[in-house]
Amino acid sequence: MSTLGACVDQVRANVPLVHNITNYVTVNDVANVLLACGGSPIMSDDPKDVEDITSICGGLNINIGTLNQRTVEGMFLAGKKANELGHAVLLDPVGAGASAFRTETALKLIQEIKFDVIRGNISEIKTLALGSGTTKGVDADVADAVTEENLDQSIAFVKTFAEKMGCIIAVTGAIDLVSDGTKCYVIRNGRPEMGKITGTGCQLSGVMTAFITANPEEKLKAAAAAVCTMGLAGEIGFSRMQEGDGNSTYRNRIIDAIYNMDQKTLDEGAKYEVR
Amino acid sequence: MSTLGACVDQVRANVPLVHNITNYVTVNDVANVLLACGGSPIMSDDPKDVEDITSICGGLNINIGTLNQRTVEGMFLAGKKANELGHAVLLDPVGAGASAFRTETALKLIQEIKFDVIRGNISEIKTLALGSGTTKGVDADVADAVTEENLDQSIAFVKTFAEKMGCIIAVTGAIDLVSDGTKCYVIRNGRPEMGKITGTGCQLSGVMTAFITANPEEKLKAAAAAVCTMGLAGEIGFSRMQEGDGNSTYRNRIIDAIYNMDQKTLDEGAKYEVR
Amino acid sequence: MSTLGACVDQVRANVPLVHNITNYVTVNDVANVLLACGGSPIMSDDPKDVEDITSICGGLNINIGTLNQRTVEGMFLAGKKANELGHAVLLDPVGAGASAFRTETALKLIQEIKFDVIRGNISEIKTLALGSGTTKGVDADVADAVTEENLDQSIAFVKTFAEKMGCIIAVTGAIDLVSDGTKCYVIRNGRPEMGKITGTGCQLSGVMTAFITANPEEKLKAAAAAVCTMGLAGEIGFSRMQEGDGNSTYRNRIIDAIYNMDQKTLDEGAKYEVR
Numbered sequence: 005m006s007t008l009g010a011c012v013d014q015v016r017a018n019v020p021l022v023h024n025i026t027n028y029v030t031v032n033d034v035a036n037v038l039l040a041c042g043g044s045p046i047m048s049d050d051p052k053d054v055e056d057i058t059s060i061c062g063g064l065n066i067n068i069g070t071l072n073q074r075t076v077e078g079m080f081l082a083g084k085k086a087n088e089l090g091h092a093v094l095l096d097p098v099g100a101g102a103s104a105f106r107t108e109t110a111l112k113l114i115q116e117i118k119f120d121v122i123r124g125n126i127s128e129i130k131t132l133a134l135g136s137g138t139t140k141g142v143d144a145d146v147a148d149a150v151t152e153e154n155l156d157q158s159i160a161f162v163k164t165f166a167e168k169m170g171c172i173i174a175v176t177g178a179i180d181l182v183s184d185g186t187k188c189y190v191i192r193n194g195r196p197e198m199g200k201i202t203g204t205g206c207q208l209s210g211v212m213t214a215f216i217t218a219n220p221e222e223k224l225k226a227a228a229a230a231v232c233t234m235g236l237a238g239e240i241g242f243s244r245m246q247e248g249d250g251n252s253t254y255r256n257r258i259i260d261a262i263y264n265m266d267q268k269t270l271d272e273g274a275k276y277e278v279r
Numbered sequence: 005m006s007t008l009g010a011c012v013d014q015v016r017a018n019v020p021l022v023h024n025i026t027n028y029v030t031v032n033d034v035a036n037v038l039l040a041c042g043g044s045p046i047m048s049d050d051p052k053d054v055e056d057i058t059s060i061c062g063g064l065n066i067n068i069g070t071l072n073q074r075t076v077e078g079m080f081l082a083g084k085k086a087n088e089l090g091h092a093v094l095l096d097p098v099g100a101g102a103s104a105f106r107t108e109t110a111l112k113l114i115q116e117i118k119f120d121v122i123r124g125n126i127s128e129i130k131t132l133a134l135g136s137g138t139t140k141g142v143d144a145d146v147a148d149a150v151t152e153e154n155l156d157q158s159i160a161f162v163k164t165f166a167e168k169m170g171c172i173i174a175v176t177g178a179i180d181l182v183s184d185g186t187k188c189y190v191i192r193n194g195r196p197e198m199g200k201i202t203g204t205g206c207q208l209s210g211v212m213t214a215f216i217t218a219n220p221e222e223k224l225k226a227a228a229a230a231v232c233t234m235g236l237a238g239e240i241g242f243s244r245m246q247e248g249d250g251n252s253t254y255r256n257r258i259i260d261a262i263y264n265m266d267q268k269t270l271d272e273g274a275k276y277e278v279r
Numbered sequence: 005m006s007t008l009g010a011c012v013d014q015v016r017a018n019v020p021l022v023h024n025i026t027n028y029v030t031v032n033d034v035a036n037v038l039l040a041c042g043g044s045p046i047m048s049d050d051p052k053d054v055e056d057i058t059s060i061c062g063g064l065n066i067n068i069g070t071l072n073q074r075t076v077e078g079m080f081l082a083g084k085k086a087n088e089l090g091h092a093v094l095l096d097p098v099g100a101g102a103s104a105f106r107t108e109t110a111l112k113l114i115q116e117i118k119f120d121v122i123r124g125n126i127s128e129i130k131t132l133a134l135g136s137g138t139t140k141g142v143d144a145d146v147a148d149a150v151t152e153e154n155l156d157q158s159i160a161f162v163k164t165f166a167e168k169m170g171c172i173i174a175v176t177g178a179i180d181l182v183s184d185g186t187k188c189y190v191i192r193n194g195r196p197e198m199g200k201i202t203g204t205g206c207q208l209s210g211v212m213t214a215f216i217t218a219n220p221e222e223k224l225k226a227a228a229a230a231v232c233t234m235g236l237a238g239e240i241g242f243s244r245m246q247e248g249d250g251n252s253t254y255r256n257r258i259i260d261a262i263y264n265m266d267q268k269t270l271d272e273g274a275k276y277e278v279r
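Line by line, the protein sequences give chains A, B and C.
The number in our numbering is simply the position in the first sequence, starting from 1, with 4 added.
The number in our numbering is simply the position in the second sequence, starting from 1, with 4 added.
The number in our numbering is simply the position in the third sequence, starting from 1, with 4 added.
The set of hints was computed from the structure by calculation and includes no laboratory data.
All clues stand as given, with none of them false.
When the alpha-carbon atoms are kept at most 25 angstroms apart in a straight line, the in silico PhoX-like pairs for lysine-lysine are as follows: (1) A:K52 - C:K112; (2) A:K112 - A:K85; (3) B:K112 - C:K52; (4) B:K52 - A:K112; (5) B:K52 - A:K52; (6) C:K52 - B:K52; (7) C:K52 - B:K84; (8) A:K52 - C:K52; (9) C:K84 - A:K52; (10) C:K268 - B:K200; (11) A:K84 - B:K52; (12) B:K268 - A:K200; (13) C:K200 - A:K268.
These stretches of chain A come out as covered by chain B in the derived footprint (C-beta under 8 angstroms, 3 or more residues): (14) 19–30; (15) 64–73; (16) 101–112; (17) 136–145; (18) 250–260.
For each residue, glycine too, the CB sits at the ideal point set by N, CA and C.
Between the sequences and the hints, there should be enough to build the whole structure, so can you do that?
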């Protein structure tokens, strides 16, 4: 059976073209991290442009951060076209639970578009599961956090929601959970300092879209491999930090580590169990 | 009496959530510098989203760079809601004086929204005070510059305008002036090379919003502390530059220096007098 | 006769103010690279703002990546105003050939606006010449690539299209071609790893606009000098890469190298022939 690391090589071999409708805060990092992992990014959000652009791609990454009424229309058009064409489609419900517009947009997206993966922090995912939430801006509410103490219940929640949605749910935080409803990867890569960089979640969604696009037969494994890749890159990047460095240099070091990621590095560094 | 450095620790202790309606040129740096100084950023500009988002935050940073008709509507809605809730609100009138749309938007914002701080370069601030100006794009007109020669008149101008507006005015340049109409901090931190990085002013506005949000009883001191923090970070970052480095690396080094800023470093490095 | 390197010094001496209507993916890098090469950037895309902003500038850079219906209107208004005022105007037709909206917008822009330079990858330029194309997202179709084998035909194509358009055509890739219809610079600076950074093409368009604005009497030479500057910066930046570095650090190193570029460095490092 192939390893998580094999998914990395598949991305580099296939160079998946990924269409991103994403926020303007972290879009440059999403583009660079997609190139770093072996994908090819294109960004397009206008209703007049998105159907053509998504048609030439293999995957679609919808991220609702800094959404507006025009780009939301683009999200629905692109998502439906991608569904028609059988492309891999991922949702990153940034800030669902923090505003009615974000919550309602995310809930409507998961009703009308078939997603392969929904990836968010625990508060965003709970918001989608429950219909409302208490997301703290773009960060999870600490009261929601997945911990060693509540791990069994958290896994059960993620599995149940994945089964209900018929897609992969990826909840990321100090402990990451990735489940298709049957199996659940519990991943412990990463560093707490990654939370001091804007957009590591957005970057992961971009990378994950490339991984599931390039590994269509093993999307659960590919989604888990993407989480391990990002977390391990956070560890490798941190090990290269020097006296006086801070979050801006750390951002560069993480993307650099993804640029240098390969099958062997990931297989040796991935920290996960399957439950 | 507490020092400027104490304001830094207050930001790290309180982790103020700051809503930013800001330009897409420097938004990523604004988010990372807010995280670096101890705040938590969220960006949102759509009229349907801004009131909810600003309601969960403690401070609002309105920056009119790359404004458009939709985001301008968002600025007014967010500003009014933030005023209702008693949040700290800052205006960065990027390019006021360079176009009629920017000048008129900035003038209308200061009429309809109560700001705690207006922070800009001298040409932008003169434009607001006089109703028109000669801002050179996003840079001050050299004819307007605050210098040792015109310092007394410049201080008098800033104090008078601060008193008239009933808020703090922060004019930044080679010499920075921060006044509430009574006292004026004259600050000489910083490096001229900071002008070769896009958005150090936008970054300062983000940091300053976090500082005044986390230090509500001492907003003048907090605003001055933010200016010293940014300038001192420019000095520290510059000291770490190596042969062959340029403005892109310098940008990272400055944000890194803010990430590592603490009370002691600021109190030892701040260069200011109160007039 | 002046050298290519002399064009660099002209930019630093004149500090051309460049108005950019550009995509939100790479806009921060475009601003920083414009500052690095000695220009001064301002970004503005709203129909209500662009005419005033372009009026105070010397050059206009129109980049259609992440275009939308509002910004397209801004492109036409700004372009016409810049033409009226005799400003240098450049088009970067990002993704022309990848969607009908992009192709039609680019074709309409070259009909209604007089450009000094059109700069794109070979697939984008072929799309403009032929009216349709097969651009692979934001990258050229490999079937279109300029190679040593098809160099004579490629030069002939670029010269013919430049003559027909009455402007400079700059096709960039592994081999770059810059022609005014009479002469063609064939340039071999650069590194293949530059393709792993998002927006090196967008950055070049920004730099090139500064170069033609500051060298109005020698626009062909200035456009070629900009291409050599970007490519040479890619070589210098690469030479500074260390074990573990990747595309994010490389991005910073290239902008840094442009920050340090001068006449002598460019004249010694430029690799070109005139055909």
